[in-house]
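Student: Residue strings, one per chain:
Protein chains: 4
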Amino acid sequence: MRRQVRICMLGAGRVGRLHSGTITRYVPEATITALVDPADSILEETAKDCAIENKYSSLEEALDKASFDAVVITTPTFTHRDLALLAAGQGLHIFLEKPMALNLAECDDIIETTEKNGVLLQMGFMRRSDPDFMAAAERIRAGEIGEPTMIKTLTHGPGLPPAWANDIRTSNGMLAEVTSHDFDTIRWLMGSNIERIYVETANFKGEERGATAKHFYDNMFATMKLESGALGNISGVCPCDYGYDARAEVIGKKGIMLIGEMKGQALTVTIDRDQGLVTPIFRRWPERFAWAYINEIKHFVECILTESTPRVTGEDGRWAVAGVLAGTRSFLEERPIYLKEVFEAEDPAPWLAGD
Amino acid sequence: MRRQVRICMLGAGRVGRLHSGTITRYVPEATITALVDPADSILEETAKDCAIENKYSSLEEALDKASFDAVVITTPTFTHRDLALLAAGQGLHIFLEKPMALNLAECDDIIETTEKNGVLLQMGFMRRSDPDFMAAAERIRAGEIGEPTMIKTLTHGPGLPPAWANDIRTSNGMLAEVTSHDFDTIRWLMGSNIERIYVETANFKGEERGATAKHFYDNMFATMKLESGALGNISGVCPCDYGYDARAEVIGKKGIMLIGEMKGQALTVTIDRDQGLVTPIFRRWPERFAWAYINEIKHFVECILTESTPRVTGEDGRWAVAGVLAGTRSFLEERPIYLKEVFEAEDPAPWLAGD
Amino acid sequence: MRRQVRICMLGAGRVGRLHSGTITRYVPEATITALVDPADSILEETAKDCAIENKYSSLEEALDKASFDAVVITTPTFTHRDLALLAAGQGLHIFLEKPMALNLAECDDIIETTEKNGVLLQMGFMRRSDPDFMAAAERIRAGEIGEPTMIKTLTHGPGLPPAWANDIRTSNGMLAEVTSHDFDTIRWLMGSNIERIYVETANFKGEERGATAKHFYDNMFATMKLESGALGNISGVCPCDYGYDARAEVIGKKGIMLIGEMKGQALTVTIDRDQGLVTPIFRRWPERFAWAYINEIKHFVECILTESTPRVTGEDGRWAVAGVLAGTRSFLEERPIYLKEVFEAEDPAPWLAGD
Amino acid sequence: MRRQVRICMLGAGRVGRLHSGTITRYVPEATITALVDPADSILEETAKDCAIENKYSSLEEALDKASFDAVVITTPTFTHRDLALLAAGQGLHIFLEKPMALNLAECDDIIETTEKNGVLLQMGFMRRSDPDFMAAAERIRAGEIGEPTMIKTLTHGPGLPPAWANDIRTSNGMLAEVTSHDFDTIRWLMGSNIERIYVETANFKGEERGATAKHFYDNMFATMKLESGALGNISGVCPCDYGYDARAEVIGKKGIMLIGEMKGQALTVTIDRDQGLVTPIFRRWPERFAWAYINEIKHFVECILTESTPRVTGEDGRWAVAGVLAGTRSFLEERPIYLKEVFEAEDPAPWLAGD
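Protein chains in written order, with this note's numbering: chain A, 1 to 355; chain B, 1 to 355; chain C, 1 to 355; chain D, 1 to 355.
Hints are supplied without guarantee of correctness; some may be wrong.
It does not matter which identical chain is meant; a pair holds if it fits inside one copy or across any two.
To be verified - Below, computed lysine to aspartate or glutamate pairings styled on EDC-like, alpha-carbon distance capped at 16 Å:
1. K253 with D272
2. K253 with E207
3. K55 with E45
4. K55 with E44
5. K263 with D274
6. K298 with D69
7. K253 with E147
Keep in mind that the hints were calculated from the coordinates and are not lab data.
With these hints in hand, go ahead and build the complete structure from the sequences.
Tutor: Structural data, given as structure tokens:
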């Protein structure tokens with residue numbers, strides 16, 4: 001019988017439950033031997049939904065009572081560093097959800113510790129495992145649209161994130177929790193790091209939805225000059241309410257490539273000629289990136305089994321965090337920020353409460 | 001100043017009004033010098049809408065009081081032959097709406113009389129002037145998809161036609177009033193005449209909509225073997241209520257071509273993730289074939305000014321009528337009918353009341 | 001640890017390999033404990049591709065040497081009856097690829113034997129497990145488009161099937177090997193059996209591709225009257241070369257529903273304004289129905305684990321075979337055939353060589 | 001007979017020829033009584049193409065020898081002010097192509113002079129007359145997507161503009177010649193003026209195409225904060241080579257609206273399953289905005305005939321010029337620029353050669 005990778009899930013919330021379900025239902029080469037969450041009811045629900053037997057309230061407890069080869073970390077950002085360091089210290093491979101950490105120092109800690117302990121580190125940028133985006137990356141690399149000159153990406157999420165995630169003092173806000181994906185996508189598809197960034201934000205729904213954190217924003221444009229000379233733009237809207245929307249357009253010297261679509265199913269109906277054609281939209285990210293979530297976990301497991309390097313590394317996670325910090329500083333200071341300003345700053349994120 | 005073709009409109013109803021508006025608004029090279037309709041209120045409305053001064057209740061009256069070079073005939077099918085013969089006898093060029101006539105003898109009369117009098121005869125198969133369909137025809141001819149092996153066309157019309165038009169005894173019904181277009185499209189795009197035809201019909205809405213004629217049907221499939229050996233299929237639905245729908249697919253030995261779409265405007269909205277994306281549909285045929293209606297009238301006028309032969313002739317009209325008669329006979333006799341059976345029949349349409 | 005259903009794969013060819021790969025990669029709740037194929041090289045290839053250890057040349061050998069709870073039959077049609085009877089006799093649950101069998105008597109044998117032995121029988125009509133088609137069925141049932149009045153489906157397959165599958169004497173030809181899916185889809189979506197059927201065929205590529213069987217055809221239209229009074233039409237093209245194409249349109253009294261699309265990936269590129277926009281098409285059926293293939297096997301396994309009845313039964317398989325036989329007879333006799341003619345015939349398929 | 005507006009065309013180049021053709025072919029309510037261009041060959045070509053008899057080398061000559069009620073100005077930007085003032089002084093109504101002028105002082109001169117002379121002034125922002133964009137504006141105003149919070153527009157033009165138009169010293173460059181449309185669209189659809197703007201540019205093709213002007217750029221992002229608090233983003237690419245591309249997305253508190261599409265014709269072909277589906281793209285702007293060009297001229301003529309105010313005024317033109325100047329200053333100074341900085345500057349465009 002084939003060897004299975006044993007996994008401990010750290011976090012049983014929305015994303016933890018998504019990954020747990022994926023592993024249980026579609027990944028025969030892995031098995032969940034521990035599920036960890038400090039919140040009892042969430043722990044019970046996800047365990048039941050995914051038929052997981054071993055439930056624990058902390059990684060420490062799980063380490064004590066269960067056996068596993070790897071951890072999947074889906075807890076809040078501010079816990080990433082400590083959990084990753086503890087896991088790496090135990091020789092466990094790490095799948096880490098985005099954003100990697102709150103700041104660059106935490107990223108450095110994670111990268112160094114995983115390297116020192118010889119464990120794998122894969123970041124949860126699932127677009128890197130999405131068939132549409134993967135084919136796009138490959139075809140851009142192959143030169144199909146010529147040298148890339150401009151990229152536009154968007155991530156519009158339907159619901160308001162939890163309070164800790166929409167407050168820049170505890171999570172770096174939407175740029176971190178939502179736009180991280182876009183920062184990584186731009187680096188990946190354009191084959192270039194970001195040189196400088198300018199961000200505009202707007203707040204239209206905060207008050208009525210109870211998001212009262214200072215500097216809360218629900219609409220955002222980030223405009224970038226890349227080191228290659230190309231331009232990048234991201235739009236972020238969260239909560240957008242109308243569905244989950246993640247698309248990209250890349251312009252090259254020879255042509256244009258459109259990646260993704262809003263249509264969530266090939267099923268169009270019309271019953272009223274004054275209304276017109278009606279087609280499902282992707283309601284939430286698990287629908288849009290169903291294959292990506294399966295593929296990224298399979299890739300992680302495959303890398304463990306074959307001792308290969310994952311396709312999204314800590315270095316990629318760190319660059320996305322740098323983009324988040326530069327972008328946040330840009331809208332706070334109302335000017336374009338060079339990434340090197342962030343890398344060279346003594347305190348690159350003074351807005352963080354506990355920093 | 002440029003010479004203008006003077007036109008007498010015969011019929012001020014829906015289609016007459018559409019053509020009148022087209023000429024008035026978009027065809028500087030023509031001018032309407034007479035509008036004819038026996039129904040006063042319809043005559044007045046269309047005259048007002050299109051700023052036409054000269055209104056008459058009959059072609060005879062118009063001939064007596066106005067001057068024109070051509071007629072556009074949009075009256076009911078059963079009047080086509082007599083009007084066409086009268087106009088041709090006066091040396092007037094003729095634009096004739098589909099279906100050409102009730103039976104083949106009437107078609108022959110029209111063809112012979114126009115030829116004898118040296119006047120132009122153009123049939124109102126507007127798809128022949130539609131940019132999508134024209135490009136399709138050209139690209140099929142050029143061999144892009146290889147020898148055509150199969151075609152599927154559809155015309156689904158939103159509303160119930162008037163009583164005379166949905167009774168096979170007075171108009172040959174939907175096959176004539178709606179499907180005529182498809183018969184012509186198939187001959188044109190496939191470059192082949194029809195050899196035999198099998199028709200199935202269904203009646204789902206007749207009773208509730210007051211269409212009580214015997215043999216009334218609102219859903220229809222026509223399946224054909226063409227002389228070239230290729231196959232053809234038409235679907236007809238009228239009233240379909242959901243909008244106006246006219247599309248085609250052509251399969252060739254090398255590939256497939258899709259012509260037309262349901263989307264009526266490039267404007268997509270979503271405000272509810274449970275509903276999804278909403279896009280306008282073409283509500284009625286004037287929207288779907290807006291350019292085709294302009295183009296076909298301009299083509300007619302251009303043919304008159306340059307003494308050229310129109311791109312849709314009486315022969316094309318006659319073949320469509322033959323398809324209508326064979327198709328009607330097929331569903332009445334529940335068997336495939338060869339076109340030659342229609343051409344050779346003493347009475348090819350015994351169901352016609354006055355035939 | 002969760003109980004796994006042990007499966008013996010009968011057939012290691014294209015479809016057998018597809019199902020084997022699906023089970024191995026995406027179905028943790030099942031495991032393949034035997035792979036059977038008389039052709040050594042095919043057996044080796046699929047076993048290697050799917051990491052299957054136990055390989056046998058016959059079901060008898062597998063029964064002797066391995067343990068399993070169920071069989072997945074993907075062998076040629078003419079072997080279905082005997083394999084199914086042998087498996088059922090051993091108490092094995094059966095997943096059976098379409099078409100069910102060569103004729104109604106074989107279908108009856110399979111249905112009776114599985115019932116007598118109390119084993120499950122699921123037909124491989126994967127559209128019944130496709131998210132698009134399933135949502136369509138549900139929404140039609142819920143009345144969204146009103147009473148269904150007309151359905152059009154198509155299956156166009158890219159490649160020429162093997163010789164036994166394109167010869168009506170050994171397999172009932174395209175109607176069986178390709179169009180079976182459409183017959184089932186129509187019954188399922190329309191909620192009605194077929195009353196009569198008329199089929200036209202054409203042969204454009206046979207000679208040049210070496211398909212020399214008498215009555216070979218590569219283009220086909222089947223037009224049906226259903227018992228409900230609604231109409232149905234199927235187009236079949238095989239080989240169509242241009243990709244894999246499976247779509248449907250359902251018209252109801254209130255509206256229209258379009259199911260499926262040709263676009264195989266949300267990735268559009270243009271690099272030449274004279275060519276335009278280029279988007280991937282589904283190349284083969286495994287791409288188009290990726291989720292359906294996973295879902296149908298998961299459903300089969302779930303039914304075994306929970307002792308439930310599969311959603312596609314032997315009765316469904318038998319009706320599709322009846323459609324195949326009536327359709328074949330229709331184009332041979334050039335007339336519409338009532339299904340009851342098939343059910344009441346002494347020899348419903350006299351064209352079968354060994355019948 | 002209906003009264004016709006007599007028009008003098010100023011400029012017989014690409015845009016002048018487009019408008020001349022539109023009037024000649026689709027606008028019976030107007031007639032071209034003079035065509036003016038200093039370049040003989042261009043004058044001859046356009047006159048021949050549009051069957052215009054009276055040709056002149058200057059407006060002065062045309063005023064001397066011909067009679068007309070209005071002028072359509074399509075000459076280079078730097079000539080707009082003087083031509084508009086001369087025409088207005090003669091009591092002629094003015095249709096003026098975008099951009100309105102080189103700077104705000106010229107805009108003021110034009111607005112004041114037309115007002116003083118009581119002549120109409122309509123700006124050539126054809127999107128205001130495009131059916132898709134008009135329906136979008138109406139539906140946004142009606143509140144369908146809620147209060148608008150974000151807009152993204154793009155104009156990507158296929159070819160390199162003439163030297164005077166890609167040099168910021170003679171024309172303000174791409175922001176003026178291409179992006180003017182987007183500035184107007186944003187103000188119009190969002191119902192708000194721009195408060196500040198940040199622009200990033202890149203130059204990828206200049207050298208190889210012979211565009212050697214200092215500060216030449218062919219890729220551009222403009223990010224804006226509007227007075228309403230909403231955000232705006234424009235992408236500009238020229239030359240993009242792949243076709244003509246003009247689309248917009250508007251996000252509101254309740255939903256999203258997508259305006260326009262790349263597909264230029266409803267005609268999809270596939271003949272190679274490795275390539276996929278191929279659909280025409282809009283090759284040039286006259287194809288994309290065919291109806292808009294007809295509608296805007298008809299609107300201008302209608303306004304003259306009915307003494308109404310055009311839907312796009314000099315004020316709209318002036319705001320777009322202000323956006324151009326602020327945007328240009330932004331990328332030169334590498335910082336966001338407030339529009340009020342432009343309005344209050346002594347020399348708002350110091351980069352202009354003759355300013």
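Student: If a hint holds in the structure, say so; if it doesn't, say that too.
Tutor: Hints and how they fare:
no.: 1; hint: K253 with D272; result: between (44 Å within a copy, 12 Å between copies)
no.: 2; hint: K253 with E207; result: between (44 Å within a copy, 13 Å between copies)
no.: 3; hint: K55 with E45; result: within (11 Å within a copy, 42 Å between copies)
no.: 4; hint: K55 with E44; result: within (8 Å within a copy, 42 Å between copies)
no.: 5; hint: K263 with D274; result: between (21 Å within a copy, 12 Å between copies)
no.: 6; hint: K298 with D69; result: within (15 Å within a copy, 28 Å between copies)
no.: 7; hint: K253 with E147; result: within (5 Å within a copy, 37 Å between copies)
Checked against the numbered hints listed earlier, the structure breaks none of them; every hint is satisfied.
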